[in-house]
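K.L.:
Given next are the chains, with one letter for each unit.
Number of protein chains: 2
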Amino acid sequence: MVQLIVDQLLAYDIRKVVVSPGSRNAPFSIAFDEHPEIETFVVHDERSAGFIALGMAQELGETIALCCTSGSACLNYYPAISEAYYRSIPLLVLTADRPAAWINHGDGQTIVQRDVFKNHVLGSLELDEDLFEQKALETHQVELATLLSVTKSAWKGPIHVNVGLNEPLYQTVEKNLDFGKQLAIEPPVKRIDTKAMATIVQEINQSKVLVLCGQMEQNPKLQQELIKLASFPNIVVLVENTSNVQHERFIHCIDRTLNGFDPSNEAFKPELLITVGGAVVSKRIKAYLRTAGIQKHYKIGAEFPEMDTYRSLSQAFSIAPEAFFEQLNEHELLANSHNFNGKWKAVDIVAKDRSQEFISEFRSLTDIQVFQNIQDFLPEESVLHLANSSVVRYAQLFDPLPGVRYESNRGTSGIDGSTSTALGAAIVHPSKQHVLISGDISFLYDSNALWYEPFPRNFKMLVIQNYGGGIFQIIPGPADSKQREKYFEAKQVKSPASIAQAFGLQTKTISSLEELTEYLPLFFDPSCETQVLEVQTDDVNNAKDLDRYFEFLRN
Amino acid sequence: MVQLIVDQLLAYDIRKVVVSPGSRNAPFSIAFDEHPEIETFVVHDERSAGFIALGMAQELGETIALCCTSGSACLNYYPAISEAYYRSIPLLVLTADRPAAWINHGDGQTIVQRDVFKNHVLGSLELDEDLFEQKALETHQVELATLLSVTKSAWKGPIHVNVGLNEPLYQTVEKNLDFGKQLAIEPPVKRIDTKAMATIVQEINQSKVLVLCGQMEQNPKLQQELIKLASFPNIVVLVENTSNVQHERFIHCIDRTLNGFDPSNEAFKPELLITVGGAVVSKRIKAYLRTAGIQKHYKIGAEFPEMDTYRSLSQAFSIAPEAFFEQLNEHELLANSHNFNGKWKAVDIVAKDRSQEFISEFRSLTDIQVFQNIQDFLPEESVLHLANSSVVRYAQLFDPLPGVRYESNRGTSGIDGSTSTALGAAIVHPSKQHVLISGDISFLYDSNALWYEPFPRNFKMLVIQNYGGGIFQIIPGPADSKQREKYFEAKQVKSPASIAQAFGLQTKTISSLEELTEYLPLFFDPSCETQVLEVQTDDVNNAKDLDRYFEFLRN
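In order, the protein sequences belong to chains A and B. Numbering follows this note's numbering, with no gaps: position 337 of the first sequence is 540. Numbering follows this note's numbering, with no gaps: position 179 of the second sequence is 382.
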């Protein structure tokens, strides 16, 4: 049974496994370790392990397996599983268990693992050593292959295999028998119906069109198609850093631009909305579009076809976005009379100028200044990981840097695994510089990421110590509530640098703008041994500077 | 709606809430904070928060509420919820959510929270601001009261209330309207059927009887009844430290005693098994009883009536154990001719003597010596918290200390929350000395417990630094496997004391037996400011000493 699972993993190109040490999963640990084609990574804390695997899958674009012992261990995977689910990132969660006959009968480390992730996996399978021989091997093969097909389909995500194993657990007598079997998979839709496309073209030609890109992986083909599209005066393309498409024709900083016009101004209101990608960071654009009275909304992509974020969904097209736009660009779009693009772009350009003017004027070290400095000094070709929750919002105020890839856990937007996710990405891509920007709460929450060994040298962490909860200074919140500090800001005084030191990492702490400007280029140099840079910002002025920033932009 | 929930909590005597800071749960945070009868505790990491609440509920014997924001936050509660479920400890899990109409529609921090804990709660309820007025207030009251009744019933455990809330979240206009309403609850069964008891008495009089106690809270009444029972020569009472009943007539150290006779010896085999309480730590007794060919097994208690740990269950009696044994002791039991008790007790006494002889002979600092020293120096009236997994097993080799209460997360036996659980207990009972004994892996896993402020002075942690995975030296395991260190022992070299220091706690590190013997009395003195004592044991000899110990006992 163990051998069947291992062989099926290989048949579906799953070659990396994050293992958390335990007893019940020993047969898998041994089998993975002994297999020459499988690479294993040992992570003690299953919560961190889940996010590390997520980061690996995100970085490599391949399915990563997780493997843990029975009992509550697997529940610690759940935050990462939910993130993978909403980001459509493929993870295979392999949980060792007692055979079903022993569940809820008082054995140690036993819970009801069957279907425990039901709300947030794309499929699950129960395998039980006691019942295994009741079915033909071929039946098991097909069942496993069917589940694993999810990792090759257009809509990917986490899947769960729960395996009931008897003792003894420390012998493996099976040899490599090659039980691997891959099912033929229906190729993804490459083109949509010609008639449907004709209608879409007609709609586009008649409308003010807003294309909104959510979180996506880098996709040069899609970027190219979107650039073509953005040349039409009736089409505006809105992207975020985490969309990973960049061009001067796009609006990159949504909040900064929205801040520059009156939401009731009809000239800015789209008639047709086209959305691609995953989560959108900007709360403002969501609120704006939900009330803008949009007549039509096309959603492009295989994932979550019924997701109606803007309460205007007309049709979902289960097709890769690059294929959709390529087909669209084959048609002759009309350079119609709407100067919709020009209106948005004008506001964007003014906002950008004002923004730079504002930031260059101030000399105290507030959160916004940290991001300006990252903008100035981050090396090209870096991968920039943005922790939740205030960091990712601040970052959206600045144009994306050329050559930089942006990553963030925006599936569930949790603060629980930002460091581990970035770490996982850095582990599997050692030739690339990975930089995490994190707030102190998010960093401390996931400090067990630092337990990993050997800790990758290509991973740098900049932790903004604003003593908790900067998020409530940036989203509409309880600014006046007397309980703000206690309940919303998560006020705390632990030192991220000290904790990183205790885990054996080199750190540096900085508390002035001059130091930051001086040190950042050194910090980002690959030869620098500092891995954690704690930047203590002026928590009294952080919120004020941000308010003044938006006010300055409006005037 | 918020007010209804708050009032119902009070109606069911829930007055302590562990709140994790967030935005969506702000209306609750504000309501709890403003209410004079509710005490709130702020914990950032929801995983730790869950276990802290569990420790509070365990210590006080009352229901504790948990409250978090929407999204993956609540998933971090899950390990503690599963532990509470299997320990029958009442927790109210209050999760803030978006209204149901916004689930899976791309809003940030949104997952499918409905029924997400289904496998491990005793009940759940969905409340939604959008749909609230569709039902009469009385209907909501009754639904909530029905769910909350679980906290007052004989079989307790975690329950889940998921609450969909709209923005804005930072105003609370409701006043105290007293929506609280408690339902009448059926009193627990006080006596079992007379005829059934007559049969039980007859069975007992004719049989060699083994009473096996699992994990229980202190229960003087039950202890008294068991002492009476243990005076009969055909009745043996087996308890563990975590049973929290002590008497010289009982067998306290199960493994030590089982080690002293041949399992095939018929003289030791029970014919009738009576079990009370929760989880049993000893794997040996489980294996022994499963193969002993027991004819009858009575299970006493309201929880998990179908749980058949020894594959011999004849009947489950849903009655409090103390009531069952009180009724039984009203009958005249026969001092029949079986000298069953004497046989077990003789082995026990020999094992105890041999054990003391062995331990006094060795002078290097191995794990077992740490426990001998705790035995010698732990103050009476302490609460001793035993972390999973090797610590709780080592502790069972020694007789329970008079006046000491023993606690451990044996519901799921996870290593994920031992420190937080002990911390929770210490927070709510500051007049009591709480001591946690933990291994290094368990301690590092749950290091976010140390984030809590203000950190209670009555809480001391002794961390055995055996560089991971001592457990596989104490349970049958992969002793010869070449992968042992990597996969099963969780080999690691981080320093628990350094990490505790980074969190601002005073620590001390010890690595010889002389130092330990000298320092422990100081450490346990309430005036000593050291809160974390790292004891570095001889990891080369830990396993050898334990093997020699069991061998010495056999000869």
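Calculated from the structure, these hints are not laboratory results. Bear in mind that the values here come from a model prediction, so they are computed numbers and not experimental data. Just to be clear, a hint being listed does not mean it is correct.
Each pair may be met inside one copy or between any two copies, as identical chains are not told apart.
Once the Cα atoms are required to be at most 20 angstroms apart in a straight line, the calculated DMTMM-like pairs of lysine to aspartate or glutamate come out as [stated by the list, open to error]:
hint	residue 1	residue 2
1	K489	E370
2	K635	D728
3	K486	E754
4	K711	E721
5	K711	D741
6	K398	E583
7	K431	E584
8	K486	D310
9	K489	D310
K.L.:
Could you figure out if K489 and D310 sit no more than 20 angstroms apart (CA to CA) within one copy, between two copies, both or neither?
P.N.:
between (49 angstroms within a copy, 9 angstroms between copies)
K.L.:
At 20 angstroms max between alpha carbons, let me know whether K635 reaches D728 within a copy, between copies, both or neither.
P.N.:
For K635 and D728, only the intra-copy Cα distance (12 angstroms) is at most 20 angstroms; the inter-copy one is 53 angstroms.
K.L.:
Between copies, within a copy, both or neither: which fits K431 and E584 at Cα up to 20 angstroms?
P.N.:
neither (25 angstroms within a copy, 77 angstroms between copies)
K.L.:
When no copy is named, should K398 and E583 be tagged within, between, both, or neither for a Cα gap of at most 20 angstroms?
P.N.:
For K398 and E583, the Cα distance exceeds 20 angstroms both inside one copy (44 angstroms) and across copies (84 angstroms).
K.L.:
Within a copy, between copies, both or neither: where do K486 and E754 come within 20 angstroms Cα-Cα?
P.N.:
within (18 angstroms within a copy, 67 angstroms between copies)
K.L.:
Treating 20 angstroms as the Cα threshold, decide for K711 and E721: within, between, both or neither.
P.N.:
Classified as within; 13 angstroms inside a copy, 38 angstroms across copies.
K.L.:
Measure nothing new, just compare the shortest in-copy and cross-copy C-alpha distances for K486 and D310 to 20 angstroms and report within, between, both or neither.
P.N.:
between (47 angstroms within a copy, 9 angstroms between copies)
K.L.:
Go through the copies and call it for K489 and E370: within, between, both or neither, with a Cα cutoff of 20 angstroms.
P.N.:
Classified as between: cross-chain Cα gap 14 angstroms, same-chain 53 angstroms, threshold 20 angstroms.
K.L.:
As a check of your reading, is K711 near D741 (CA-CA no more than 20 angstroms) within one copy, between copies, both or neither?
P.N.:
within (17 angstroms within a copy, 35 angstroms between copies)
Consistency note: the structure conflicts with the earlier hints numbered 6 and 7.
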